[in-house]
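J.: Sequence:
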Amino acid sequence: MRVCCFLLLVMGNRRSKEGMEALGAYLCKKHDRLLAKLLQPNTYKKKSSLAIVDGFSVEISKEQVHFLGS
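In this text, residue positions in the sequence shown follow this note's numbering: the first is 1, and each later residue adds one.
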């Protein structure tokens with residue numbers, strides 16, 4: 001069984017529109033690297049990255065939820 005989870009990281013300072021776009025691209029890549037580092041390839045599906053709160057949603061197994069939560 002797979003579940004969809006939201007993982008929220010630390011929120012940064014307020015930024016300009018251009019700064020937020022650059023931050024959004026940076027955070028998307030950061031989230032991709034974090035998932036690739038922690039989980040096996042083809043065992044998850046990243047659904048979205050959220051720049052405003054530095055978080056992302058990912059479809060993973062219940063076991064992976066417990067692993068990421070520890």
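Just so you know, these hints were derived from the structure itself, not from any lab. Incorrect hints may have been included.
Below 25 angstroms or equal to it, Euclidean Cα-Cα: the simulated DSS-like pairs (lysine-lysine) are [as the list claims (entries may be wrong)]:
1) K30 to K17
2) K47 to K30
3) K29 to K46
4) K46 to K30
5) K45 to K17
6) K47 to K62
7) K62 to K17
8) K47 to K29
9) K17 to K37
10) K37 to K47
11) K17 to K29
12) K30 to K62
13) K46 to K62
14) K62 to K45
15) K29 to K45
Please read these numbers as outputs of a predicted model, since none were measured by experiment.
J.: Does the structure keep K46 and K30 at a Cα separation of 25 angstroms or less?
T.: The hint holds at about 12 angstroms.
J.: Do the alpha carbons of K62 and K17 lie within 25 angstroms of each other, as the hint requires?
T.: Roughly 37 angstroms separates the two Cα atoms, so the pair is violated.
J.: Below or equal to 25 angstroms on CA atoms is what counts here, so check K47 against K62.
T.: 16 angstroms, holds
J.: Would the pair K46 and K62 pass a check requiring their Cα atoms to be no farther apart than 25 angstroms?
T.: 15 angstroms, holds
J.: Going straight from one Cα to the other, do K30 and K17 come out at no more than 25 angstroms?
T.: Given that 25 angstroms is the threshold and the Cα spacing comes to 19 angstroms, the pair holds.
J.: Next pair to validate is K47 with K29; report whether the Cα-Cα distance is within 25 angstroms.
T.: Distance ~13 angstroms between K47 and K29 Cα, so the pair holds.
J.: Going straight from one Cα to the other, do K17 and K37 come out at no more than 25 angstroms?
T.: 30 angstroms, violated
J.: Could you grab the alpha-carbon distance between K29 and K46 and see if it respects the 25 angstroms cut-off?
T.: 12 angstroms, holds
J.: Given the proposed pairing of K37 with K47, does the C-alpha separation stay at or below 25 angstroms?
T.: 17 angstroms, holds
J.: Holds or violated: K47 with K30, Cα cutoff 25 angstroms?
T.: 14 angstroms, holds
J.: Are K45 and K17 close enough, with their CA atoms no more than 25 angstroms apart?
T.: Outside the cut-off at roughly 28 angstroms; violated.
J.: Straight-line Cα separation of K62 and K45 no greater than 25 angstroms?
T.: 14 angstroms, holds
The structure fails hints 5, 7, 9 (numbered hints given earlier, in ascending order).
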